[in-house]
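Q: Listed here are the chains, written in short residue letters.
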Amino acid sequence: EPEVTQTPSHQVTQMGQEVILRCVPISNHLYFYWYRQILGQKVEFLVSFYNNEISEKSEIFDDQFSVERPDGSNFTLKIRSTKLEDSAMYFCASTLKVYNTGELFFGEGSRLTVL
Amino acid sequence: LAKTTQPISMDSYEGQEVNITCSHNNIATNDYITWYQQFPSQGPRFIIQGYKTKVTNEVASLFIPADRKSSTLSLPRVSLSDTAVYYCLVGDQAGGGNKLTFGTGTQLKVEL
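Sequence order for the protein chains is A and B.
The C-terminal residue of the first sequence carries number 115 in my numbering, and the numbering is unbroken.
The C-terminal residue of the second sequence carries number 227 in my numbering, and the numbering is unbroken.
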């Protein structure tokens with residue numbers, strides 16, 4: 001069964017450092033997403049991406065965040081200067097169809113710890 | 116923005132049927148209702164999606180009344196491995212995007 005894969009599974013970084021989280025969506029999917037979940041809290045939408053541009057972003061997704069699809073398979077989330085409050089699980093997701101007629105497939109997540 | 120309300124937690128025993136009800140009074144005409152399951156330290160996993168009446172798949176059933184202001188996820192004969200958080204979601208069409216808005220979910224605990 002095809003799946004969304006994410007790397008790294010866990011990254012520890014110092015505050016102020018840049019972090020890049022990588023995702024390989026399911027190959028024929030067209031819509032890509034990043035969500036995050038702070039420990040013990042709910043899953044929060046960050047950004048959606050379609051046709052090589054951002055479709056929508058939340059208020060969390062400020063200038064410190066960026067996304068890129070550098071080639072035909074990878075989808076990355078970059079945090080330019082990490083803060084302590086960026087510590088969370090980051091989930092990548094993809095889907096073939098728009099939401100109301102399709103399911104989102106989530107990866108296993110990348111745990112980011114900012115010290 | 117369609118907000119959902121569901122119980123914070125539920126307890127059950129193996130072999131029982133579990134019904135989790137979600138309220139979504141402000142659901143829009145074009146919105147579908149989707150349920151996801153999440154185990155600790157894992158990404159959410161799609162369970163079932165419906166628009167009205169009843170939908171059934173190999174793992175669950177989804178009951179949606181005519182007014183669509185609520186929905187009930189039914190898990191037949193639960194096992195210990197069904198212990199997880201269950202999220203009810205309604206499509207957020209703000210800005211034309213496809214974001215999912217997760218609530219706090221229902222923590223289901225299944226015991227022997």
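Since the hints were made in silico from the structure, they are not lab data.
There may be inaccurate statements among the hints.
Claimed, not checked - The calculated lysine-lysine pairs, modelled on BS3-like cross-linking and capped at a C-alpha distance of 25 Å, are:
hint	chain 1	residue 1	chain 2	residue 2
1	B	Lys184	A	Lys78
2	B	Lys167	A	Lys97
3	A	Lys42	B	Lys224
4	B	Lys184	B	Lys118
5	A	Lys83	A	Lys57
6	B	Lys118	B	Lys167
7	A	Lys42	A	Lys78
8	A	Lys42	A	Lys83
9	A	Lys97	B	Lys224
10	A	Lys78	A	Lys57
11	A	Lys57	B	Lys169
12	B	Lys167	B	Lys184
13	A	Lys97	A	Lys57
14	B	Lys184	A	Lys42
15	A	Lys97	A	Lys83
16	B	Lys169	B	Lys184
17	B	Lys169	B	Lys118
18	B	Lys118	A	Lys57
What the hints assert, rightly or not - Quick look at which bits of chain A chain B covers, simulated, 3 or more residues with Cβ under 8 Å:
hint	region
19	18 to 25
20	58 to 68
21	81 to 94
The C-beta atom is built at its ideal place from N, Cα and C for all residues, glycine as well.
Q: Taking the hints in turn, state whether each one holds.
A: These are the hints, each one checked on the structure:
Annotation: proposed proximity of Lys184(B) to Lys78(A) is violated, straight-line Cα distance about 39 Å (limit 25 Å). Note on Lys167(B) and Lys97(A): the hinted pairing holds, with a Cα-Cα distance of about 20 Å set against a maximum of 25 Å. Simply put, Lys42(A) and Lys224(B) have alpha-carbon atoms about 18 Å apart, close enough for the 25 Å limit, and the pair holds. For a cut-off of 25 Å, the pair hint linking Lys184(B) to Lys118(B) stands: about 11 Å separates their Cα positions.
Proximity of Lys83(A) to Lys57(A) is assessed by CA-CA distance (about 19 Å); at most 25 Å being required, the pair is judged to hold. Between the alpha carbons of Lys118(B) and Lys167(B) the distance comes to roughly 18 Å, so the proposed pair stays at or under 25 Å and holds. Between Lys42(A) and Lys78(A), the direct Cα distance comes to roughly 21 Å. Compliance with the 25 Å bound is thereby established for this hinted pair. Simply put, Lys42(A) and Lys83(A) have alpha-carbon atoms about 19 Å apart, close enough for the 25 Å limit, and the pair holds.
Annotation: proposed proximity of Lys97(A) to Lys224(B) is violated, straight-line Cα distance about 33 Å (limit 25 Å). In summary, the hint linking Lys78(A) to Lys57(A) is supported, as the alpha carbons are separated by about 14 Å, within the 25 Å threshold. Simply put, Lys57(A) and Lys169(B) have alpha-carbon atoms about 33 Å apart, too far for the 25 Å limit, and the pair is violated. Proximity of Lys167(B) to Lys184(B) is assessed by CA-CA distance (about 10 Å); at most 25 Å being required, the pair is judged to hold.
Pair hint Lys97(A) plus Lys57(A) holds up; C-alpha atoms about 18 Å apart against a cutoff of 25 Å. For a cut-off of 25 Å, the pair hint linking Lys184(B) to Lys42(A) stands: about 23 Å separates their Cα positions. Proximity of Lys97(A) to Lys83(A) is assessed by CA-CA distance (about 34 Å); at most 25 Å being required, the pair is judged violated. A hinted pair counts as satisfied when its Cα atoms are at most 25 Å apart, and Lys169(B) with Lys184(B) qualifies at roughly 14 Å.
Between Lys169(B) and Lys118(B) the CA atoms are separated by roughly 21 Å; this keeps the pair inside 25 Å, and the hint holds. With a CA separation close to 19 Å, the supplied pair Lys118(B) and Lys57(A) stays within the 25 Å bound. By the rule of at least three residues with a Cβ nearer than 8 Å to a Cβ of chain B, the coverage given for the region 18 to 25 of chain A is violated, with 0 such residues. With 1 residues having a beta carbon nearer than 8 Å to a beta carbon of chain B, the region 58 to 68 of chain A misses the requirement of three or more and the stated coverage is violated.
Coverage of the region 81 to 94 of chain A by chain B holds. Counting CB-CB distances below 8 Å, 3 residues qualify, and the rule asks for three or more.
Violated hints, listed in ascending order, are 1, 9, 11, 15, 19, 20; each of the other numbered hints is respected by the structure.
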